[in-house]
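J.: Spelled out, the chains give:
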Amino acid sequence: MDIFGIPIQALLGQLMLGIVNGSFYAVLSLGLAIIFGVLKIVNFAHGAFFMLGAFAAFLLAQYMGASYWLTLFIAPLAVAVFGMLFEFLFLRRLYGLDPIYGLLLTFSLVLVLEGGFRVAFGSSGQPFATPEQLRGTINLGFMILPIYRGFVIVSALTLCLATWFIIERTSLGASLRAATERSELTQAFGINVPRLITLTYGVGVGLAAFAGVLAAPIFHVNPSMGSSLVIIIFAVVVIGGLGSIMGAIVTGLGLGVVEGFTRVFYSEFSSTIVFLVMVLVLLLRPAGLFGREEG
Amino acid sequence: MRTLSFAAIAVVLLALLAVPFVPQLIYSVFVMKMLCFVLFACAFNLLLGHTGILSFGHAAFFGTGAYVTGILVKEYGVPTDLGILAGGLVAAALGTIIGALAIHRSGIYLAMITLALSQLVFFFFLQAPFTGAEDGLQRIPRGTFLGVIDLRNDTALYYVVLGIVGAGLWLVWRTVNSPFGNVLRAIREHEPRAISLGYPVARYKVLVFTISAGLAGIAGSLKAIVFQLAALYDVHWHTSGDVILMTLLGGMNTVFGPAVGAALVSALNHYLDPFGAWVTVIIGLVFMTCVLTFRQGVVGQLNQWFSSRRAPIPSAKGQPRSHAHQQ
Chain S
75 MDIFGIPIQA
85 LLGQLMLGIV
95 NGSFYAVLSL
105 GLAIIFGVLK
115 IVNFAHGAFF
125 MLGAFAAFLL
135 AQYMGASYWL
145 TLFIAPLAVA
155 VFGMLFEFLF
165 LRRLYGLDPI
175 YGLLLTFSLV
185 LVLEGGFRVA
195 FGSSGQPFAT
205 PEQLRGTINL
215 GFMILPIYRG
225 FVIVSALTLC
235 LATWFIIERT
245 SLGASLRAAT
255 ERSELTQAFG
265 INVPRLITLT
275 YGVGVGLAAF
285 AGVLAAPIFH
295 VNPSMGSSLV
305 IIIFAVVVIG
315 GLGSIMGAIV
325 TGLGLGVVEG
335 FTRVFYSEFS
345 STIVFLVMVL
355 VLLLRPAGLF
365 GREEG
Chain Y
-4 MRTLSFAAIA
6 VVLLALLAVP
16 FVPQLIYSVF
26 VMKMLCFVLF
36 ACAFNLLLGH
46 TGILSFGHAA
56 FFGTGAYVTG
66 ILVKEYGVPT
76 DLGILAGGLV
86 AAALGTIIGA
96 LAIHRSGIYL
106 AMITLALSQL
116 VFFFFLQAPF
126 TGAEDGLQRI
136 PRGTFLGVID
146 LRNDTALYYV
156 VLGIVGAGLW
166 LVWRTVNSPF
176 GNVLRAIREH
186 EPRAISLGYP
196 VARYKVLVFT
206 ISAGLAGIAG
216 SLKAIVFQLA
226 ALYDVHWHTS
236 GDVILMTLLG
246 GMNTVFGPAV
256 GAALVSALNH
266 YLDPFGAWVT
276 VIIGLVFMTC
286 VLTFRQGVVG
296 QLNQWFSSRR
306 APIPSAKGQP
316 RSHAHQQ
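If you read the protein sequences in the order shown, they are chains S and Y. Taken in order, the first sequence gives residues 75 to 369; the numbers are from the numbering used here. Taken in order, the second sequence gives residues -4 to 322; the numbers are from the numbering used here.
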């Protein structure tokens, strides 16, 4: 069976690949959106934290013999602690200034982290084995799915929905949203807003690191694995609407699929389609697909 | 203050003129590269520092200049001088288009739109059949300038580059210290008020985008002639990031601060080269320190230091003067 002259297996294969990439985009842009919503800072270092997550997993497995399941918990936690430290020591000083400075500080953090890992590990990739339990494939009838890819999709989406649930449906999330809207008033109600902000940065960064651990067996673990990704993630968040949680998740997944389909029809353009979509969206719906127009 | 800056500019100019005579001290090709980035950063700062617009896609203009000049000179045998001019003009035209699209939004959104559009430009130069894809355009002939000066000679090329960059910087200075520049600052400080005063703000923004892009394009063209190379890195977003950092390091609220920043970053890159990957780490740390502790940049900080040593005159007359003359 063919659609537009392309065999349906190829189409479904690319669709699956698109959903896998989309899951990464969803987790990453979710973190970026949360950070932007609360800190009003464009976290350029998001890709670097993704890379840090992958490297943390690699190092834990290589030198401490940690199992994949253990690294999946410990690596994001370690990176989140590092992120919170960075927020507490440096980023905090820039609140209330032009958002450009936050962008530039996190951009220089990227230079330091990527440069540092390039010094330590070189530019080439480090292989990372797929955990034994997740090797092999399942035949879905219409296509063959590597189990690990399925695992990535399921765990990424579960995490996204859990984060969404915490922010939108729990009291912790309520104070978080309150701090986003009126931080001084929230503080007056006795909520420790600075601590909440640090925590938020930690969660956003932890999400990025989690995506990094998930990505480690699929991509090679290398210092620049996050640097091209972060630009795409920016585009995803802008398309979804800055500050919109669900928007970031849905757009991330959707753009992964769009990218997959583009690869079928015009493969060279697949890395650029996101930016074309972004330009179009911003011209037609300036606040993004799910965003509210602000003054 | 004013005499001091003129003295500083005179000293720098003399030093630059002397560079080809002391090859044992400094490598003139390195100074030419530095000059290209000096022009690039000052052109970029017309937007960031003087109009308050953060463009995150300026590499698109720099790279377009480099590629257009490279293609014209190498493939079509166009004289080098016309090639550079064409590079600037095409970049300026692209600046008009991107500017007109981007100014619908402001702040971070605008930065993201310029980034997205510059990625499309990057894609064009990656895929177009005449740009040599990953290899870029190599061995671009330097040719002659105005048909008389042989640019294969490094010294001759050096003075041509110095002259063009000097003219470009003069144009930046004229733009900033003109009625047009005053309106740009009004837009930066309070856009709604500028609109209510009847200034066609959108048209001003597109115009400053065009000037900035054109000069950035010329900087790229010069770079292509100096290194005889136009490569993908010139259009890569990393280059857009670099120029922002240079501008910030030098001081974005000054006219020639970005020049100092560009010179410092080029020098760091050049002299720290033996340290390999450490260069990135060091530059990153320098910028972190800069963002956290002296956000006015090197020149801004020096300005403040000098003016605080002299007792400031708090008269109504003195106020607009110090604003009008931004050094």
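Hint data in this document are derived by calculation from the structure and do not stem from the laboratory. Quantities reported herein were computed from a predicted structural model and do not represent experimental measurements. Yeah, the Cβ is synthetic: ideal placement off N, Cα and C, and Gly gets one too. Among these hints, one or two may not hold up.
[To be verified] Facing chain S, according to a computed beta carbon distance under 8 Å, are these residues of chain Y, among others:
{"hint": "1", "residue": "224"}
{"hint": "2", "residue": "227"}
{"hint": "3", "residue": "232"}
{"hint": "4", "residue": "239"}
{"hint": "5", "residue": "283"}
{"hint": "6", "residue": "295"}
[Unchecked claim] Per the computed footprint, the stretches of chain S lying under chain Y, defined by three or more beta-carbons under 8 Å from a beta-carbon of chain Y, are:
{"hint": "7", "stretch": "134 to 141"}
{"hint": "8", "stretch": "144 to 156"}
{"hint": "9", "stretch": "164 to 170"}
{"hint": "10", "stretch": "338 to 347"}
{"hint": "11", "stretch": "350 to 357"}
J.: The structure should be examined with respect to each hint, and the outcome stated for every one.
T.: A quick look at each hint next to the structure:
1. 224: This interface hint is violated because 21 Å lies over the 8 Å limit.
2. 227: The hint is violated - residue 227 of chain Y has no Cβ within 8 Å of chain S, the shortest such distance being about 13 Å.
3. 232: holds, 6 Å
4. 239: This hint holds: residue 239 of chain Y lies near chain S, its Cβ roughly 7 Å from the closest one there, short of 8 Å.
5. 283: holds, 5 Å
6. 295: violated, 14 Å
7. 134 to 141: Violated - the stretch 134 to 141 of chain S has 0 residues with a Cβ nearer than 8 Å to chain Y, which falls short of three.
8. 144 to 156: Coverage by chain Y is violated for the stretch 144 to 156 of chain S (0 residues, Cβ < 8 Å).
9. 164 to 170: Since three or more residues must qualify, the claim that chain Y covers the stretch 164 to 170 of chain S holds, with 3 doing so at under 8 Å.
10. 338 to 347: holds (count 4)
11. 350 to 357: Per the Cβ count (5), the hint holds.
Checked against the numbered hints above, the structure breaks hints 1, 2, 6, 7 and 8 and satisfies the rest.
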